[in-house]
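**Student:** Heads up: the protein sequence lines correspond to chains Y and P, in order.
The first sequence lines up with residues 1 to 223 when you count with our numbering.
The second sequence lines up with residues 1001 to 1223 when you count with our numbering.
Certain hints may be false.
What the hints assert, rightly or not - Computed list of chain Y residues with no C-beta within reach of chain P, every gap over 10 Å:
| no. | residue |
| --- | --- |
| 1 | ASP38 |
| 2 | GLU62 |
| 3 | LEU97 |
| 4 | ALA111 |
| 5 | LEU128 |
| 6 | ILE131 |
| 7 | ALA162 |
| 8 | ARG185 |
| 9 | THR186 |
| 10 | ALA189 |
| 11 | MET218 |
Unchecked claim - Chain Y stretches covered by chain P per the calculated footprint, using a threshold of three residues with CB under 8 Å from any CB of chain P:
| no. | segment |
| --- | --- |
| 12 | 26-33 |
| 13 | 65-71 |
| 14 | 153-159 |
Unchecked claim - Straight-line alpha carbon distances no greater than 27 Å define the calculated BS3-like cross-link-like pairs of lysine-lysine that follow:
| no. | chain 1 | residue 1 | chain 2 | residue 2 |
| --- | --- | --- | --- | --- |
| 15 | Y | LYS199 | Y | LYS81 |
| 16 | P | LYS1146 | P | LYS1008 |
| 17 | P | LYS1213 | P | LYS1199 |
| 18 | P | LYS1081 | Y | LYS81 |
| 19 | P | LYS1146 | Y | LYS146 |
| 20 | Y | LYS213 | Y | LYS81 |
FYI, nobody ran anything at the bench for these hints, they're computed from the structure.
Beta carbons are placed, not taken as given, at the ideal position from N, Cα and C, and that holds for glycine.
Number of protein chains: 2
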Amino acid sequence: MAGGGAVKVYGAAASPYVATVLMCLEEAGAAYEVIHLDMAAREQNAPHHLARNPFGTIPAIEDGELTLFKSRAISRYVLRKYSNAGGGADLLREGNLEEAAMVDAWLEAEAHQYHPAISHIVRQCVFLPMIGSARDQRVIDEHAGKLREALRAYDALLGERAYLAGDFVSLADLAHVGFTHYLMRTEYAALVEERANVKAWWERLSARPAVKKVAALMPTADI
Amino acid sequence: MAGGGAVKVYGAAASPYVATVLMCLEEAGAAYEVIHLDMAAREQNAPHHLARNPFGTIPAIEDGELTLFKSRAISRYVLRKYSNAGGGADLLREGNLEEAAMVDAWLEAEAHQYHPAISHIVRQCVFLPMIGSARDQRVIDEHAGKLREALRAYDALLGERAYLAGDFVSLADLAHVGFTHYLMRTEYAALVEERANVKAWWERLSARPAVKKVAALMPTADI
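Build out the structure end to end from the sequences listed, making use of the hints.
**Tutor:** What follows is the structure, encoded as structure tokens:
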């Protein structure tokens, strides 16, 4: 969606970090437009983008007078502002101390247990081949072991509840989608598929309209 | 503080992650007790701790019926529950969409720009020597360059406002304290001291009673 009052998202939808923001905008039912940055030309480091984000990363957004960077900060902002106003899914649960705390804990698990493993696998198996570089199998093997270990804990948890933070979908789940979307297009999809509870959770997330819509913007060529 | 209704914090105060939680408890004026885990014996991976935290990291807390892990999730929970109830400093600013968004953005900057650089320097210069291991100067040099680069952006920002998220102290600032406390006890304190605005910010943070109280629990031997 676009329009005069639309949230401007600077980046590229192929980025898992941008995808998280777009899923939140879709879940919240907010109007937005993606303003593509030319990453190959390193536009993210050009002065006009550094004015939005001093660290030169994507995504950044503009919403009226507010300029904001970092996908999680943007996601929280979007969900607080637009879900609350528009009746979108309550993905932060900030009205309940304990539920909000579990959302936060599993957002951090994504950052510190899941992402450090999966991001290397996706970089090697998906992103490097996209730009014509060869993958390093040793890096993949090392991080596949770490991801398998993390997914063991996830599987145990997801045997007890439908989503990471409880029996409700939350930003903690959505934060896992961007990289997992790409992983599932490699042979390392097996790491998810070998864990029945993780697999069922992934299928529940993949079926969400917001996730389907954003996934359609991400490169889909078989790897 | 301790007591029947006190928050139980499992870990070791020497950990920068535990220190963040303790600072939040102090800022909020909440009663707590630290229950020391024997990290040398890898007690964090024992079944009784894995029941608190499936990933075997510290800190974890118990507060009544709630068990919670991950320092940032715990920090948010503590500040929401106890600052709001007890009149502690408003370190999350969740009552203001834009201010809360800036707190979140600079928490993420800590996670993705500051921490990846400073944590290696502190590990090499402080934690490895504590256990009798030699430091690797190449690792230090590489990350000192990255930290210097991040602090350039911090210094520009802190020339415009007193704290990272605005002219108010927040969790985003406190999240930087644990590792910076140790950095300032090495020769790499110069990276902070060479930036006038960063140095002044650090001095403002260091002067907070909550920070002084927790810093006194962290190892202080000159490195």
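**Student:** All hints are to be evaluated individually against the structure, with a verdict given for each.
**Tutor:** To see whether the hints hold, each was checked on the structure:
Its beta-carbon lying about 22 Å from the closest one in chain P, Y:ASP38 satisfies the requirement of being farther than 10 Å from that chain. With 10 Å as the threshold on Cβ separation, the claim that Y:GLU62 sits away from chain P holds: the shortest Cβ distance comes to roughly 12 Å. Distance check on Y:LEU97: its Cβ comes as close as 6 Å (rounded) to a Cβ of chain P, failing to clear the 10 Å threshold; non-interface status is violated. The beta carbon of Y:ALA111 is not kept farther than 10 Å from every beta carbon of chain P, the shortest such distance being approximately 7 Å.
Y:LEU128, annotated as away from the interface, keeps every beta carbon of chain P farther than 10 Å; the closest lies near 21 Å. Residue-level check passed: Y:ILE131 sits 22 Å from the nearest beta carbon of chain P, beyond 10 Å. Chain P leaves Y:ALA162 outside its interface by the beta-carbon criterion, the shortest separation being 17 Å against a cut-off of 10 Å. Remark: the non-interface label on Y:ARG185 is consistent with the geometry, its nearest Cβ contact in chain P lying 25 Å away (cut-off 10 Å).
With a minimum CB-CB distance of about 24 Å to chain P, Y:THR186 clears the 10 Å threshold, and the non-interface call stands. With a closest Cβ-Cβ approach of about 23 Å to chain P, Y:ALA189 is found to remain outside the 10 Å limit, as its non-interface label requires. With a minimum CB-CB distance of about 21 Å to chain P, Y:MET218 clears the 10 Å threshold, and the non-interface call stands. Interface restraint, the segment 26-33 of chain Y with chain P: violated (0 residues with C-beta to C-beta distance below 8 Å; minimum three).
Only residues whose beta carbon comes within less than 8 Å of a beta carbon in chain P count, and the segment 65-71 of chain Y has 5; three or more means the coverage holds. As drawn, the segment 153-159 of chain Y meets chain P at 3 residues by the rule of a beta-carbon pair under 8 Å; at three or more, the given contact holds. Straight-line distance between C-alpha atoms of Y:LYS199 and Y:LYS81 comes to about 32 Å, which puts the hinted pair past the 27 Å bound. Taking the CA atoms of P:LYS1146 and P:LYS1008, the gap is near 36 Å; set against the 27 Å cutoff, the hint is violated.
About 20 Å separates the Cα atoms of P:LYS1213 and P:LYS1199, which keeps this hinted pair within 27 Å; it holds. With a C-alpha separation of about 22 Å, the suggested pair P:LYS1081 and Y:LYS81 falls inside the 27 Å cut-off, and the hint holds. At roughly 26 Å between alpha-carbon atoms, P:LYS1146 and Y:LYS146 fall within 27 Å of each other, so this suggested pair holds. A hinted pair counts as satisfied when its Cα atoms are at most 27 Å apart, and Y:LYS213 with Y:LYS81 qualifies at roughly 21 Å.
Hint violations for this structure: numbers 3, 4, 12, 15 and 16, all remaining hints satisfied.
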